[in-house]
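Protein sequences, first through last, are from chains A and B.
Heads up: the first sequence begins at 9 in the working numbering, then just goes up one per residue.
Heads up: the second sequence begins at 9 in the working numbering, then just goes up one per residue.
The set of hints was computed from the structure by calculation and includes no laboratory data.
Hints are supplied without guarantee of correctness; some may be wrong.
Since the list can't tell identical chains apart, any single copy or any two copies may satisfy a pair.
Claimed, not checked - Simulated pairs of lysine to aspartate or glutamate, DMTMM-like, Cα-Cα distance not exceeding 25 Å: (1) LYS492 x GLU431; (2) LYS38 x GLU374; (3) LYS61 x GLU372; (4) LYS61 x ASP482; (5) LYS453 x GLU412.
Number of protein chains: 2
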Amino acid sequence: MTPDVFIYDTTLRDGSQREGISYSVEDKLKLAQQLDAFGVHYIEGGWPGSNPKDAAFFERVKSLGLKHAKIAAFGSTLRKNTEPQDDTNLQTLLAAGTPVITLFGKSWDLQVTDVLVTTLEENLAMIQKSVAFMKAHGREVVYDAEHFFDGYRANPGYALATLRAAAEAGADVLVLCDTNGGTLPWEIEDAIRAVRAELSTPIGIHTHEDSGCAVANALAAVRAGAVHVQGTINGYGERVGNANLCSIIPDLQLRMGKSVLPPANLARLTELSRYVAEVANLPPEKHLPYVGSSAFAHKGGVHAAAMLRNPASYQIIDPALVGNQRRTVISELSGRGNLLERSQKLGLDCSGEQAGEMLNQIKELEAQGFSFESAEGSVDVMMHRLQPTYEPPFELIDFVVMVEHRQGRGILTDAMVKVRVGEQVIHTAAEGMGPVSALDTALRKALREVYPDLDPVRLDDYKVRILDSETGTDAVVRVLIDTKDGARRWSTVGASPNIIEASWRAMSDSLEYALLNLNKN
Amino acid sequence: MTPDVFIYDTTLRDGSQREGISYSVEDKLKLAQQLDAFGVHYIEGGWPGSNPKDAAFFERVKSLGLKHAKIAAFGSTLRKNTEPQDDTNLQTLLAAGTPVITLFGKSWDLQVTDVLVTTLEENLAMIQKSVAFMKAHGREVVYDAEHFFDGYRANPGYALATLRAAAEAGADVLVLCDTNGGTLPWEIEDAIRAVRAELSTPIGIHTHEDSGCAVANALAAVRAGAVHVQGTINGYGERVGNANLCSIIPDLQLRMGKSVLPPANLARLTELSRYVAEVANLPPEKHLPYVGSSAFAHKGGVHAAAMLRNPASYQIIDPALVGNQRRTVISELSGRGNLLERSQKLGLDCSGEQAGEMLNQIKELEAQGFSFESAEGSVDVMMHRLQPTYEPPFELIDFVVMVEHRQGRGILTDAMVKVRVGEQVIHTAAEGMGPVSALDTALRKALREVYPDLDPVRLDDYKVRILDSETGTDAVVRVLIDTKDGARRWSTVGASPNIIEASWRAMSDSLEYALLNLNKN
C-alpha cells in the first residue's frame, strides 16, 4: 500500500535537541527498531558530521535489519565556493551509507547574507551542486528548505528559486521548514499552494511548536497538497518542540481520512509514545492528545454521566484506535456509575450497599485531604477491602522513624517496622536518605521475607502537596505515589497533617495493591 | 481602548477540570486578582450550582475590588419543561450576583435526544427562555453553544437554530464550543463564516486540545471574525486541556496584529503563567510556547552560533515582549549587578570578592536543588553571613525528630533540639502534628528563652516540592517557608533528599532573618 502521506520521523535527530535529552547509541538503536516496527516511513538517524555518536549509529543500524523504514542521514549543503568532491560534510554524509540523504539549505535571503555570508547566487549553486552530487551517487534526496516560510514572506521570488535549484538537481521531495515555528496555518496553506503551482516535485512539511500551531500547520500543509510530514514522537525538539507525530498521525488518519499507517499499527501509538519517553528518561506527559493518560479521562460529573449515555459525547475517537483507554476519574464528585464501571473491571461486586459505603468513605477521606482522582490504586484496594471475604495481605502493628542531626555526624535516618502477615509477626529496621525512604525500605524488607515476588515492584514517583499551606507546618499533606512492576503502573494516595503518616498510607496501599495483583498477569 | 478581541478566561472553571487540580476558595481569589491585574476582560469564576466552594467564591470576589475584568458565573440552560422562575439552577446563577452570566446549551441534535432526552423544539425553548430571563434581570449574557461544531456537522440547520434562539432572546455573544476538541482549523473557519452570514450577534470561540489544534482553532476563528476567545492560562483543562491563552494572546497580538492587551501587560505573561502553575501546585511546564523556560533556550550548536549573528534566526519574537528571556543552555549565572543592588538595600558590602563568593554559593546550592528566586530571606541571611564581622544569633548542635505509630496509640511525634546562643547551650523538646511542626516548635521554644521578641514571628506558609520525582523517595525535596511578623513577610528555602533537613534549613534561615531584623523597624 502506498500511503497518502509519508511519515518522516526525526525523533533521533531534531528530537534530541530538546533540553535534557541525551541519547546513547544504544538508545538510538532501540528507538529505531521501535519506530520501524510502528511503521514510520523514514527515520532520520542523525547528523553524521556533527558527532561520533551519530557516526556510530549509522554504522550499527545497518545490521538491525529494519523492515519498513528507510534510514536518512542529515547534513547541510556544501560550503560556499567548494566543489562536492572536496566538501568534507558531503563526503561524511555519503560515508554514512544510508539510502536517503537529507540536505538542508537556506531559503531566506537574510540568512544567506547574514549567516552564510555569501551571495544569493552562490547559495543557489550550493543547493544545486549538493543535490546533484547525492543523486549521482544513487541516493534518495530529501531537500529541507530551512526557514522557508520566513524566506517566502521576505522575498518570495528568491525562496522559490532555492526550491527550483533543488528540484532541477533531482531532489525527490522538497520539505518546507517553519524553522522558527512562527507561521500560522493559513500562511502555510497559501505558500504551499503557490509552490505547487510552480513546481511538480512532491512537497513535505517540517514545523515547530513556537506559536502553538505545529500540528495544525502540518495538517494545513497536507490539506494544501503536502505528501511528506516531518515530526517527532511526543513533539520533542529544540526550544518548545517539533510537530508531534502522536497527534498528526491520528489526525491525518482518523479526522482527515488519509491513509498513513495500517490501523493495527496505529493501535500501538500510545505504547510507542511511552516507550520513547522511557528511553528519553522523561516522565510520560499526561496531557498529550490521543496518547496521554489524561486524554480520555473524565472528571466533571456532567461529563461522566453523559459518557455513560453516549461515549461520543465527550471523546473524539474510540481510544482503542490509538491503543489508549478511557478512564473515569473517581473523586467526591463522582456518582455510583463511575464506581460500578471500575468495580466491574476488577470483577468485584460493588453495587447497592457497598457502593454507598464506598462513596461515603471517599467523601470522608477527600474531606481529610485525600484525592482519589489520580489514585486508582487506592480506589481498587478500597474496593477489595469492602468485600466481606477480604483478608489483607499484611497489617501494621508499629513503626518508628527517627531523624537525627548530631554535630560532627551529620544527618542519620532510621526506621523500624513491625507488621503481621497471617500468624507471623515481622520486626525489622532500615536506614534511608530521608524518613520516608527509610520507612519504605524497612516495610519492603519486612514484607519480602514472606512475599519475595515483591522484588521487582519499584517506587517510581513520589509527590507531596501541602493543602492550605497557610496553616504552616500543621497543614495537611497529601502524598501521591506511583509504583511500577514491569509493564504495570499504579498510583496511590495518603493524606494527614503528618507527612510520615500520609506517606505510610500511600505506601502501604501501593504494596497491598501489588500483592493483590501479583498473580493476575 | 476597545480591544479587537476580548479574552474570556476560564482557568478557574474549565481549567480546574484538569486532573490533579483542586483549588481552594483562597486560591481562586488570588488567581482572580492576578488575572484582573494582567488584563483579561472576563473571568469565569465557577459553576455556583455545582459545589459550595464556587458559591463562596462568588460571595467573596465582590469585595476584591477588581479593576478591569468582569466576573462571570457559569451554568446550564434551564431543565426541560420548566419555567425560569421555577428553575433552581437559574436562580442559583442569579444569586451569584455577577454582572455576566454564561449559559451553556445544546447545539447537537444527538445530545438533545440522547443526553437531555427531550425534543429538539423543547431544547430551543429552554435556550430562549434562559437567555431572555437573564437579560430581563439586566445581566450580560454569554451563550456557550456546547458541541457546536459536532452539531453543525451532523445537522447544520438545527445547530444554527439553537444559536438563533439565543440571539433572538438577547444573548450578547454566541460562543461556538468545540467541546470534544476534534475540529480542525479550516472547519472552524467555514462554520464561523456560515454563522456570521446568518446572524449579527458577535461570535466567540471555545476550543479544546484533543486533536492538538486548540490554539490554531482559536486563531482561525478570529480570522473568520470571532471577537471573543475563551481559554485558560497554561491550557489547563479537562482531558488534554483547553486552548492555552498564553499562546493565543501573543499569537493574536504579535503575529496577527490584533489589539488585545496593552503591550506592558503582555510583558507580564510569563510571570502570570508561572504564578498560576504555582497556585495549581503544578511544576511550570518548560515547553510551553512563549512562556516556558525552554521557549527561548538554544541548545543546538548551529543555532547558538547563528543566534549570535542574528537573533531573528531562531526565535520568533523578542522574548522580553512576553516577559521571558533567551537562554543558551550551558550554565546559568545571575549577574553581579542584582546582588549589588540587593546588598546596597541591606546596607551591606557585597562587591568584588564577596559577590564572587556569593555567586559561587548560589550556584552550588542551586545545583543541589535550592532555588533562590522566591527566597530573598535566605539570600539576605547569606549576605550577612559573608560579612567578616558577622556573628550568627544561634548555632545548631543536635536535633532528633521521632515519629512513632504504636498500635492502640496512633501517631506520636516529638522533637529534641540542642542549640548554642553565645555561651549558653539550650536543650529542649516539643511535640507536633508532624515531624516538621515538632521541630519548628522545639526550635522556637529553645530560642524564646533568649529572644522573647521572637514571639510574634509566625510561620505563614509551608510548601514542599519534590524535584526529579522519578527517583522516588530518594528525590531531592525543596521546602519554601514564608514567615510573618506583623506587616513584614519573608521567604526562605532549603533543599535536601531528607525533608527534615530541607525544612530545618529553611526554618533556621527564617528565624535567623527574623533575629537580624527584629530591631530594624
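Results for each hint:
1. LYS492 x GLU431: Neither way: LYS492 and GLU431 sit 29 Å apart in one copy and 53 Å across, limit 25 Å.
2. LYS38 x GLU374: The answer is between: 23 Å across copies meets 25 Å, while 28 Å in one copy does not.
3. LYS61 x GLU372: between (43 Å within a copy, 17 Å between copies)
4. LYS61 x ASP482: between (36 Å within a copy, 22 Å between copies)
5. LYS453 x GLU412: both (22 Å within a copy, 18 Å between copies)
Violated hints amount to a single one, hint 1; each of the other numbered hints is respected by the structure.
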